[in-house]
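A.B. asks: If you're matching them up, the sequences are chains A and F in order. Start counting the first sequence at 275; every next residue gets the next number (our numbering). Start counting the second sequence at 235; every next residue gets the next number (our numbering).
A few of these clues could be false.
[What the hints assert, rightly or not] One side only, chain A facing chain F, incomplete, derived with CB under 7 Å: (1) Y313; (2) G317; (3) P318; (4) D329; (5) G379; (6) G381.
Note that these hints are calculated values from the structure, not bench results. Glycine is no exception: its CB is placed at the ideal position from the N, C-alpha and C atoms.
One letter stands for each residue in the lines below.
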Amino acid sequence: DQQVKQNSPSLSVQEGRISILNCDYTNSMFDYFLWYKKYPAEGPTFLISISSIKDKNEDGRFTVFLNKSAKHLSLHIVPSQPGDSAVYFCAASAIGFGNEKLTFGTGTRLTIIP
Amino acid sequence: DVKVTQSSRYLVKRTGEKVFLECVQDMDHENMFWYRQDPGLGLRLIYFSYDVKMKEKGDIPEGYSVSREKKERFSLILESASTNQTSMYLCASSFSPSGKQETQYFGPGTRLLVL
């Protein structure tokens, strides 16, 4: 049972345009969400997070939006750069319920076309 | 700067061998985690530990065990390796004060091939 879903395995975007990566979840107890970025042969690195008390969090070129009623979050990257080419994982946890485990999605491979 | 290191980047083992994967973190983090990453399946949690000598099963613990004798070190053990355990193994650690989520920091991964 996949509680965190990334339905697009891959995405190609022109350099300078906006990249939008989507993530859906099914567990209503999730209250904290993160995005990780992973290059080949490296471990994932933390990108940005959002608590369920917010609907938007911004950090430079990266913005995460949370729609709790739809159980949906998205990561916007603008403008996209070649170095953004990587696999992106969304993850969720139920920290307010004493559970610090992260549940990851299956990942979306983003390719930025120069 | 948080550093999580894993003992090997690449390992090749034979079916039935006992395999040890070691992970060390240098930030005095309470929590440590072992995941495996497989194409189309994302990262799946195998085991985690909140403190020394404590362990909790993750989502796919079958065929694995763990050991945490010191706070900075978390070992993953494959008692009898099988070909379906061929995968990328990722260790992570986090500091987690009560009621607050902290980022998990990952090591570079160990790519294990079981023949």
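A.B. asks: Each of the hints needs a verdict: does it hold here or not?
C.D. replies: Status of each hint after checking the structure:
1. Y313: violated (10 Å)
2. G317: Interface hint status for G317(A): holds (3 Å vs cutoff 7 Å).
3. P318: Status holds, d = 5 Å.
4. D329: violated (18 Å)
5. G379: holds (5 Å)
6. G381: Because about 5 Å separates G381(A) from the closest Cβ in chain F, which is inside the 7 Å limit, the hint holds.
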